[in-house]
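**Q** The opening residue of the sequence shown carries number 10 in our numbering; numbering runs sequentially from there.
Don't take every hint at face value.
[Stated by the list, open to error] Taking CB as the label site, the calculated pair distances span: (1) Tyr23 with Glu51: 19 to 25 Å; (2) Gly69 with Ile31: 26 to 32 Å; (3) Gly69 with Lys14: 22 to 28 Å; (4) Glu56 with Tyr23: 37 to 43 Å; (5) Ser48 with Ile27: 27 to 33 Å; (6) Lys14 with Val62: 18 to 24 Å; (7) Arg16 with Phe59: 19 to 25 Å; (8) Gly69 with Arg16: 16 to 22 Å; (9) Tyr23 with Val62: 24 to 30 Å; (10) Val50 with Tyr23: 22 to 28 Å; (11) Val63 with Lys14: 17 to 23 Å; (12) Lys24 with Asn46: 18 to 24 Å; (13) His45 with Arg16: 17 to 23 Å; (14) Phe59 with Arg19: 15 to 21 Å.
Calculated directly from the structure, the hints in this document are not laboratory data.
Since the model is a prediction, treat every value here as computed from it, not as a measurement.
Yeah, the Cβ is synthetic: ideal placement off N, Cα and C, and Gly gets one too.
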Amino acid sequence: MRNQKKRLLRTPKYKIPIGEPIKMADGGYALRIKRHNGSDVEEISMEKMFAMVVKEAHDGA
């Protein structure tokens, strides 16, 4: 098995790192996000991320 370099997803304009895109065991897609000053890692599905963005944008409007 070859060693693959982790690919970070970045914002288009300023190239700010967002997270590592991954394919989950169930076939869905997610972002693996690591806390900057620690070892905490969290995987958030695209469905969950989308729902969070919509909820926060709606509640803040």
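**Q** Would you mind marking each hint as holding or not holding in the structure?
**A** These are the hints, each one checked on the structure:
1. Checked against the given bound of 19 to 25 Å, the beta carbons of Tyr23 and Glu51, roughly 23 Å apart, stay inside it.
2. Distance hint for Gly69 and Ile31: a CB-CB separation of about 29 Å, consistent with the stated range 26 to 32 Å.
3. Between Gly69 and Lys14 the Cβ separation comes to about 37 Å, which falls outside the hinted range of 22 to 28 Å.
4. Taking 37 to 43 Å as the suggested C-beta distance range, the pair Glu56 and Tyr23 does not conform, at roughly 26 Å.
5. Look at Ser48 against Ile27: about 19 Å separates their beta carbons, and that is not inside 27 to 33 Å.
6. Distance hint for Lys14 and Val62: a CB-CB separation of about 28 Å, inconsistent with the stated range 18 to 24 Å.
7. Checking the proposed 19 to 25 Å range against Arg16 and Phe59 shows it holds: the Cβ atoms sit about 21 Å from each other.
8. Judged by the Cβ atoms, the range 16 to 22 Å given for Gly69 and Arg16 is violated: they are separated by roughly 31 Å.
9. Separated by about 19 Å at the C-beta atoms, Tyr23 and Val62 break the suggested range of 24 to 30 Å.
10. Between Val50 and Tyr23 the CB atoms are about 24 Å apart, so this pair conforms to the stated range of 22 to 28 Å.
11. At about 33 Å, the beta-carbon gap between Val63 and Lys14 misses the expected band of 17 to 23 Å.
12. Between Lys24 and Asn46 the Cβ separation comes to about 21 Å, which falls inside the hinted range of 18 to 24 Å.
13. A beta carbon spacing of about 18 Å between His45 and Arg16 agrees with the range 17 to 23 Å that was offered as a hint.
14. At roughly 19 Å, the beta carbons of Phe59 and Arg19 sit within the given window of 15 to 21 Å.
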